Structure formats: C-alpha cells, structure tokens
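Respectively, the protein sequence lines represent chains A and B. According to my numbering, the first sequence is numbered sequentially starting from 127. According to my numbering, the second sequence is numbered sequentially starting from 10.
No lab work stands behind these hints, which were simulated from the structure alone. Just so we're clear, the structure is a prediction, and the values are computed from it rather than from any experiment. Where hints are given, some of them may not hold.
[Unchecked claim] Cβ-to-Cβ under 10 Å is the rule here; a few derived chain B residues that face chain A:
1) Gly37
2) Ser42
3) Thr124
4) Asn164
5) Pro166
Think of the CB as a built atom: it goes at the ideal place given N, C-alpha and C, for glycine as much as any other residue.
Chain by chain, the residues:
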Amino acid sequence: MLVRTMLGLSIAALISTVPAHADDARVQGGESQATAPVRETRAIEALQRMSRSLRALDRFEVTAHSDVDRLDDAGQLIKFSNDVSYKVEKPNRLYASIVNGRADRQMYYDGQNFTLYGKKLNYYATVKAPATIGELLEQLDDRYGIEVPLADLFLWGSDKAPVDTIEAARYVGPSIVGERVCDQYAFRQDDVDWQLWIARGDQPLPCRLAIVDAGDPARPQSVMTYQWRTGKRFLPSTFKFSAPKNAHPIVLNAAPAADAQ
Amino acid sequence: MKRPLSSLALALLSVALIVPQAAQARDGQARTSVNRAGNHARNANVNANHNVNANRNVNSNRNVNRNVNVNRDVHVDVDHHGGGWYDDDDYHPLATAAAVTATVAVTSAVIGSITRTLPPSCVPVGVGGVTYQQCGSTWYQPQYAGTTVQYVVVNPPR
Numbered sequence: 127m128l129v130r131t132m133l134g135l136s137i138a139a140l141i142s143t144v145p146a147h148a149d150d151a152r153v154q155g156g157e158s159q160a161t162a163p164v165r166e167t168r169a170i171e172a173l174q175r176m177s178r179s180l181r182a183l184d185r186f187e188v189t190a191h192s193d194v195d196r197l198d199d200a201g202q203l204i205k206f207s208n209d210v211s212y213k214v215e216k217p218n219r220l221y222a223s224i225v226n227g228r229a230d231r232q233m234y235y236d237g238q239n240f241t242l243y244g245k246k247l248n249y250y251a252t253v254k255a256p257a258t259i260g261e262l263l264e265q266l267d268d269r270y271g272i273e274v275p276l277a278d279l280f281l282w283g284s285d286k287a288p289v290d291t292i293e294a295a296r297y298v299g300p301s302i303v304g305e306r307v308c309d310q311y312a313f314r315q316d317d318v319d320w321q322l323w324i325a326r327g328d329q330p331l332p333c334r335l336a337i338v339d340a341g342d343p344a345r346p347q348s349v350m351t352y353q354w355r356t357g358k359r360f361l362p363s364t365f366k367f368s369a370p371k372n373a374h375p376i377v378l379n380a381a382p383a384a385d386a387q
Numbered sequence: 010m011k012r013p014l015s016s017l018a019l020a021l022l023s024v025a026l027i028v029p030q031a032a033q034a035r036d037g038q039a040r041t042s043v044n045r046a047g048n049h050a051r052n053a054n055v056n057a058n059h060n061v062n063a064n065r066n067v068n069s070n071r072n073v074n075r076n077v078n079v080n081r082d083v084h085v086d087v088d089h090h091g092g093g094w095y096d097d098d099d100y101h102p103l104a105t106a107a108a109v110t111a112t113v114a115v116t117s118a119v120i121g122s123i124t125r126t127l128p129p130s131c132v133p134v135g136v137g138g139v140t141y142q143q144c145g146s147t148w149y150q151p152q153y154a155g156t157t158v159q160y161v162v163v164n165p166p167r
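I would like the entire structure built from these sequences, with the hints used as guidance.
Following this line, the structure appears as structure tokens:
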C-alpha cells in the first residue's frame with residue numbers, strides 16, 4: 127500500500143514535472159525565436175540584384191528628395207529637407223547639386239579637377255582630382271572630410287558595402303512610392319536600422335532608402351526618395367566648372383581629423 | 010556575499026565608463042548613408058579642442074570676456090557642423106539667438122580663431138589667387154571645412 131502510494135506519488139510528480147519542463151523549453155524557444163535576427167536570403171539577393179543594376183549604369187541622372195533629422199539643443203528632432211541631383215558619366219565625370227533653402231551647393235568633377243561651389247556665399251574651391259569617381263569619393267572622404275550626398279548609390283555592389291555585415295534582412299511587402307510599385311525590405315547592421323524600397327522590373331533600382339541611427343538615443347532618421355533617368359547623354363560642359371562673375375576662389379581645407387588619426 | 014557585490018560594482022563601473030563614450034559618438038544628426046558613418050562627429054571633436062586652446066591665449070590679453078564668448082560660440086557651431094552636404098552655407102538654424110548676436114558683436118579677433126560669420130562691412134580682396142575678407146583692420150581667410158565655409162582670422166596677407 128505504502129509502496130503503491132509512493133509509486134503513485136512519484137508518477138504524479140513525474141507527470142507534473144515533465145510538462146512543466148516542456149513549457150519552459152517552449153517559452154524559451156519562443157523568446158529566442160522572436161529576438162534572433164532573421165536573415166532572409168531573398169532580401170539579401172534582392173539587395174545584391176539592385177547593387178548589380180546600380181553598378182551596371184554608365185550614364186545616369188538621379189534626383190532625390192531627402193528629409194534628415196537633427197536634434198536641437200532642446201532635445202527635439204527637427205526635420206530638414208534637401209533636394210539632391212546627380213549627373214554621372216562613368217568612369218570620371220560627375221556633377222552634383224544640393225539645394226535646401228539654406229544652402230545651394232554644387233560639385234563638379236571632369237576627370238581632372240574637383241570644384242566645390244557654394245552659390246549663396248559665392249565661394250568656390252578647386253583641387254586636383256584622381257582618375258575615377260570611386261577614387262574621388264575616397265579622397266573627398268579621407269582628405270577633406272566630405273561625405274558626398276547619397277553616398278550609398280556609389281558604394282552598393284562594391285567592397286565598401288559588404289553584405290556579410292548585414293545581421294538581419296527581411297522582405298516587408300509591396301509598397302507604392304510615387305507612382306511606382308516597389309518592394310520594401312528591412313535590414314539591420316551595427317547601429318543602423320535601414321529600409322530599402324526596390325523597383326520592380328528588369329532594372330531594379332532603389333526607389334527609397336530610410337536610415338535610423340539606432341546607436342543614438344534620439345534615433346534620428348533620414349529618408350531619401352530617388353527618381354532615375356538612365357542612359358542620358360550630357361554635354362562636356364555639364365561637368366566643367368567655370369566660375370560665375372564675382373565668385374571668389376578659396377581654400378578647401380584638409381580635414382584635421384584625417385591628420386590626427 | 011562579497012563576490013556578488015564586487016562584481017556588481019565592476020558592472021556599474023564599466024557601465025559608467027562605457028555610456029559617456031557611446032553618447033559622445035553621435036551628435037544627434039541622422040546619418041545619411043548605410044555604409045559610411047559620416048564625419049560630422051569626428052571633425053567636431055578635433056576642432057573643438059583647438060578652440061579651447063585659443064581661449065587660453067585670449068585670456069592673457071585684454072578684450073578677454075568678449076573673445077571668450079565668441080570662441081565658445083564657434084565651439085558650439087563646430088559641434089553641430091562638420092561640413093556635411095546637408096549643412097547650411099551661412100547660418101545655423103538651430104543655433105541660439107544669443108550665439109548669433111555674440112558672434113556678430115566681435116570687435117577684435119585673435120589670429121587663428123575661427124568664426125562662421127563675418128562682421129558687417131567687409132571687402133573681398135584677392136591675394137595670390139585666394140580670397141581674403143578685409144573687415145576694418147582684421148583680415149579673414151574664408152575656407153571650406155567640409156562643405157561649409159568658415160573664416161579664419163589671419164595676419165594681413167600684404
């Protein structure tokens with residue numbers, strides 16, 4: 127009798143503990159599934175396909191409207207709008223402009239010289255430039271502390287934008303951007319949460335890019351929406367700077383940080 | 010009992026050490042590139058240090074207080090500006106009114122000090138292919154730092 131009771135008790139204990147453990151395991155499994163980064167192959171492949179079609183462009187014009195957050199002294203995020211326009215002829219011609227109501231700047235590269243011109247103050251600076259657009263962008267960043275607008279358009283598909291740094295990637299779904307149907311993807315890497323909208327069809331170029339600085343407690347965001355015109359032909363004068371009347375030549379400073387590091 | 014306490018203290022210490030660094034790494038401006046971290050924060054720190062030194066020099070002269078204020082303003086501006094494409098040509102929309110008026114109120118400036126704005130009534134003068142701004146007896150050399158213009162007080166170039 128005693129033996130039976132004890133057996134019964136221990137069986138009851140067994141029965142009651144086993145499901146309890148199973149529940150624990152399920153809960154833990156569920157939690158880790160929710161927090162583990164999902165890295166969908168189709169999202170990575172879509173990014174790579176888009177990057178290839180970007181790199182395949184020889185001549186293009188792209189305009190972009192961008193909204194960029196900046197934190198003010200009172201801790202409020204203020205949104206600033208900019209219009210950026212690029213005219214590009216590979217491998218060594220590039221024109222860019224950025225207009226935002228507070229600044230009106232242009233950038234000229236004709237394969238030999240690089241000129242930065244600010245219309246509002248009417249100053250320009252010209253320096254000798256390297257042989258290709260890629261080298262120019264490197265030099266501007268390293269030597270002069272200038273990160274060109276829409277830099278990713280020139281970096282995707284190069285070794286400067288390796289996909290193995292992407293920790294999370296997933297397809298969100300179709301989305302209308304302007305009048306186009308684009309596919310929306312979400313990515314995460316380091317402190318950057320970003321989303322990309324890619325055009326459908328045989329030329330899958332980016333429709334829109336949104337970046338959240340997740341390493342900043344204020345989480346400032348920038349959003350860029352692109353309009354593409356590919357295969358355009360440009361006049362050589364598009365890329366050659368000629369100083370407007372009363373424009374003044376000034377120095378382009380080397381970035382002090384580049385020297386210090 | 011001893012061990013958990015000391016490890017807690019260690020954890021607190023490391024948090025205290027790490028958090029301010031993380032906060033300094035960003036300046037509240039959204040990054041505009043996935044693949045480039047941007048250089049606004051990097052430039053800001055270096056320039057700010059220069060300005061601190063300039064203040065010390067000023068103190069041994071006269072005109073002390075006003076110049077110190079001006080330099081501080083530059084410091085503030087530089088913190089927000091690194092010369093990005095999205096910055097302004099001629100003014101900073103988020104700068105406080107006090108900062109702007111103080112900058113305009115400069116009457117004499119120290120060689121090597123940097124400002125974002127010029128006093129009124131300056132004349133551009135070209136010397137050796139480069140433009141200077143002569144403002145009374147003070148000469149400024151405008152230069153691009155990144156894509157924004159700053160003015161460095163220089164000795165008369167001629």
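So, Gly37 of chain B near chain A? Judge it on the closest CB pair being under 10 Å. 3 Å, holds
Interface hint status, Pro166 of chain B versus chain A (Cβ within 10 Å): 12 Å, violated
Regarding the hint that Ser42 of chain B lies at the interface with chain A, is the smallest CB-CB distance below 10 Å? 4 Å, holds
Is the hint on Asn164 of chain B kept, meaning its closest Cβ partner in chain A is under 10 Å away? Constraint on Asn164 of chain B not satisfied, violated at 16 Å.
Holds or violated: is there a CB of chain A closer than 10 Å to the CB of Thr124 of chain B? 14 Å, violated
Of the numbered hints given earlier, the model fails hints 3, 4 and 5; all others are met.
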